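Asks: Chains as they are written, first to last, in the working numbering: chain H, 7 to 296; chain C, 96 to 429; chain A, 1111 to 1387.
Watch out, some of these pointers could steer you wrong.
Claimed, not checked - Keeping only pairs whose Cα atoms sit at most 27 Å apart, straight-line, the calculated DSSO-like set for lysine-lysine is:
| id | chain 1 | residue 1 | chain 2 | residue 2 |
| --- | --- | --- | --- | --- |
| 1 | C | Lys189 | C | Lys100 |
| 2 | A | Lys1181 | H | Lys292 |
| 3 | C | Lys208 | C | Lys196 |
| 4 | C | Lys189 | A | Lys1227 |
| 5 | H | Lys292 | A | Lys1120 |
| 6 | A | Lys1275 | A | Lys1120 |
| 7 | C | Lys276 | C | Lys344 |
| 8 | C | Lys208 | C | Lys298 |
| 9 | C | Lys333 | C | Lys276 |
| 10 | C | Lys208 | C | Lys189 |
| 11 | C | Lys248 | C | Lys333 |
| 12 | A | Lys1217 | H | Lys292 |
| 13 | C | Lys225 | A | Lys1275 |
| 14 | C | Lys298 | C | Lys343 |
| 15 | C | Lys344 | C | Lys298 |
| 16 | A | Lys1275 | H | Lys292 |
| 17 | C | Lys333 | C | Lys344 |
| 18 | C | Lys276 | C | Lys298 |
| 19 | A | Lys1375 | A | Lys1227 |
| 20 | C | Lys199 | C | Lys169 |
| 21 | C | Lys298 | C | Lys420 |
| 22 | C | Lys199 | C | Lys189 |
| 23 | A | Lys1375 | C | Lys225 |
| 24 | A | Lys1227 | H | Lys292 |
Calculated directly from the structure, the hints in this document are not laboratory data. Note that the structure is a prediction, hence the values are computed from the model and not measured.
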Amino acid sequence: MATKASRTAARAMISPAVLLLLGWMIVPLGMTLYFSFLRYNLITPGDNPFVGWENYNWFITDPSFTDAMFNTLVMVGGVLLITVVGGILFALLLDRPMFGQGLIRIMVIAPFFVMPTVSALVWKNMFMNPVNGVFGRLATSLGFQPIDFFGQIPLASIIFIVSWQWLPFATLILLTALQSLDQEQLEASEMDGARWLSRFWYIMLPHLARAITVVILIQTIFLLSIFAEILVTTNGGPGTATTNLTYLIYVSSLLQFDVGMGSAGGVIAIILANIVAIFLMRMIGKNLDA
Amino acid sequence: MGNIKLETVSKSFGSVEVIPPLDLEIEEGEFVVFVGPSGCGKSTLLRLIAGLEDVTSGTVLIDGQNATAVPPAKRGLAMVFQSYALYPHMSVGKNIAFPLKMAKVDQSEIETKVATAAEVLNLTDYLDRKPGQLSGGQRQRVAIGRAIVREPKAFLFDEPLSNLDAALRVGMRLEISELHKRLATTMIYVTHDQVEAMTMADKIVVLQAGVIEQVGSPLELYQTPRNIFVAGFIGSPKMNFIDGTEAKKHDAHTIGIRPEHINVSSSEGSWKGVVGVAEHLGSDTFLHIHDSGLADPMTVRVSGEVDFRYGDTIYMTPHEDKIQKFDAEGLRIT
Amino acid sequence: MARAVSNKTKLINTAVAGTLGFLIFFPILWIVVLSLKTEQDAIRAPLEILFNSGWTTESFSTVQARSDYFKHFSNSVIISVGSTLLGLLIAIPAAWSMAFVPAKQTKNVLMWMLSTKMLPPVGVLVPIYLIFRDIGLLDSRIGLTFVLMMINLPIIIWMLYTYFKEIPGEILEAARMDGASLREEVLYVLTPMAVPGMASTVLLNVILAWNEAFWTLNLTAAKAAPLTAFIASYSSPEGLFYAKLSAASVMAIAPILIMGWFSQKQLVRGLTFGAVK
């Protein structure tokens, strides 16, 4: 199929994409790296001297950094836990015979398509507001004290909102993987005398293991960058209670105009994401047979 | 028209040489079958002739012209693919018309040609259907129809019957053979099924690991196979091969005798054995005989029904003039 | 399973799944309800809202009148459709060549392209922001379209690649044997067969661009702000706003919910990069 002529043509056709992506990566990345070694603040004029690791030092030793890292970990971990466990349960449920499966599926999938700003604000105001929100009203009518979600448990509230958004994704992926399980394998195990729990543990779960790993890796990469939900609900507060690494860098860069510090933070975020990405790329690579 | 010659053609994929340099000539109007086990290079050879793969070295000549660098579209050949490769988004009529459209033929002429081809292949009622709505056999015919309208110098068939069920295969085999008689165009046919090869070919090319083991008419290959591989490949059930003392008695390293060339008796014969599994086909019975000290099992064909049962003692006598002799390298001793 | 499942089991499954599904879907349903209420009604107790109050479409008109909703809506449309179509222009040749003329490096190049999607946007926030500021692309639709195209390009290429690979090579070879030139092969055979895949790719990527909420929040102000940013402005509202927020939200998410319904399969294909089949 491949002749010399088509090979040259192919290279020409792929160049725009390659060049653009290369530029998109190298130029900003290079700049971030460069800035991270300068003292560069947009509101204090003057030259921007090279200061080596000073920005990194400041960034890491700042107490907000520890808070941000902790919050990032908790946010990612919390959402992963809820979505993976919930996803498996929903996938198992949706795989069963029922009426109106199409409609139920649509209902379960819908939250993923709602834009983050809408879902965050809707949850915060219409549901979690202790006075006017549905949860608050429900609590009051049952005689309980309504929880002030964003006042008392802001981090958990954000985790809840983000989980609501990502549960459909996990469910969809896991359901797809579940449905690709060869029915004959399950039937064979039934003939071998396995009850449902054994079938789940020994056959379904291992088959899903790959999909679960993919879900975890992909979600982690996106969850490290949770931003909009924080911006519109708590602005990272109270204090730094809901600030994650992404938000911290945003504050540094665009609110405090400290380009140097923000860039240092950016480099750290990139390194973190890269670690996860390496694992994900390995999984993708195994499946690719170009 | 339709003379194809391969001169020291070889093909490598990267560093792997799948076809060492070979020479082959296909005469005009011949029905040539490339046959061999999976991976022997028969499909690759076909694709080299078609131009879908470049040769690594050597020359491909079509009607005396060097076609080695000519793209497939311009070689004047037509190919029927194993999966038929019909255009799913076009109707049957448009599928068949496509090559004519590419050749910029007049629309009215296209319509006539398509109608003729459809009639020949019994597709007239299906012209407006899409391939997805057809059965395997019908799709097969559309693929052939698309090839016919091109009036090519030669037809190339790449295992066209493998995707059909057994009954359909027999019918289509006959249709293709009749097509050949009617069109008198060169046909090169690739298959791994030696029955197709034997029944359809004027000339068979037996390939193994890219090497041509033998070229000849079906009868030649049956009666005078050049080596053990060809002897074992052609003919079903396989020829029995016997080494050791029995072979030495005939001055050979190995001897071969076909199942149909052995007489059996319950009382006397040259060789003795115990009956194992018996396969009853109604018209024939194939007995698999163990403990003969020759080959295990020895396969024997007996006409009609026989009265041998599992565990019975049986005596075999080969037709002496049909014993094939092979030397230590596996080549036939003449 | 081919065994008969009793209707009773089916009903139980339906009840459980239906209830859970409804609970998950409820917030979306709720804002549709609230969007059709007056602001006073919208903050009452839920049961009151459902059964004891009138319906009105005043919020929809207020949102449009007061905040030029339509402008933000059209920004979203322009940016998401524009970035996807532009991406398609660049991605189609790239995916074609990788799918049909694969070289030894093809797999690595493809994986590298995918890896660019894993770059956390915050890592390049500063330089992009500064570059855009300096060349005047801040708060511009063009700038945003470019950024969104770049972040979705890997996914567009990847999806097209997988769709192209699914076209049986033999059919293209048949076209070649039938005398088609490269141009004719692409025009008459490849494109018609690839159209469904391209449509799916466009669908998913328009959705992803529409919902993008990092660059659209940080690179825009008044002029180019799409719906994501517009809704974000409700985070510091004045006075009663539930009904208006609901109306604005319903209008913002409705198109995507509909598109999303059709693109479930594409979602799996596009966002798991082939690691799940």
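Asks: Keeping to a limit of 27 Å between CA atoms, is the pair of A/Lys1375 and C/Lys225 held or broken?
Replies: It holds: about 25 Å lies between the C-alpha atoms, which stays within 27 Å.
Asks: Under the criterion that the straight-line Cα-Cα distance not exceed 27 Å, is the pair C/Lys208, C/Lys196 satisfied?
Replies: Between C/Lys208 and C/Lys196 the Cα gap is close to 12 Å, so the pair holds against 27 Å.
Asks: CA of A/Lys1275 to CA of A/Lys1120, is that 27 Å or under?
Replies: violated, 39 Å
Asks: Just to be careful, I want the Cα atoms of A/Lys1217 and H/Lys292 compared with a cutoff of 27 Å; is the pair within it?
Replies: Measuring from Cα to Cα gives roughly 11 Å; hence the hint holds.
Asks: C/Lys199 and C/Lys189 were given as a pair; does the straight-line alpha-carbon distance stay at or below 27 Å?
Replies: Given that 27 Å is the threshold and the Cα spacing comes to 14 Å, the pair holds.
Asks: Check whether the Cα positions of A/Lys1181 and H/Lys292 lie no farther apart than 27 Å.
Replies: Violated, at roughly 46 Å.
Asks: For C/Lys298 and C/Lys343, compute the direct alpha-carbon distance and say whether it is at most 27 Å.
Replies: violated, 33 Å
Asks: Given the hinted pair H/Lys292 and A/Lys1120, is their Cα-Cα distance within 27 Å?
Replies: violated, 39 Å
Asks: When you check the alpha-carbon spacing of C/Lys248 and C/Lys333, does it fall within 27 Å?
Replies: Violated, at roughly 36 Å.
Asks: Within 27 Å, alpha carbon to alpha carbon, are A/Lys1275 and H/Lys292?
Replies: Cα-Cα ~17 Å, so holds.
Asks: Compare the distance between the alpha carbons of C/Lys189 and A/Lys1227 with 27 Å, and conclude whether the hinted pair is satisfied.
Replies: violated, 43 Å
Asks: When you check the alpha-carbon spacing of C/Lys298 and C/Lys420, does it fall within 27 Å?
Replies: Between C/Lys298 and C/Lys420 the Cα gap is close to 24 Å, so the pair holds against 27 Å.
Violated hints for the displayed structure, listed by number in ascending order: 1, 2, 4, 5, 6, 7, 8, 9, 11, 14 and 15.
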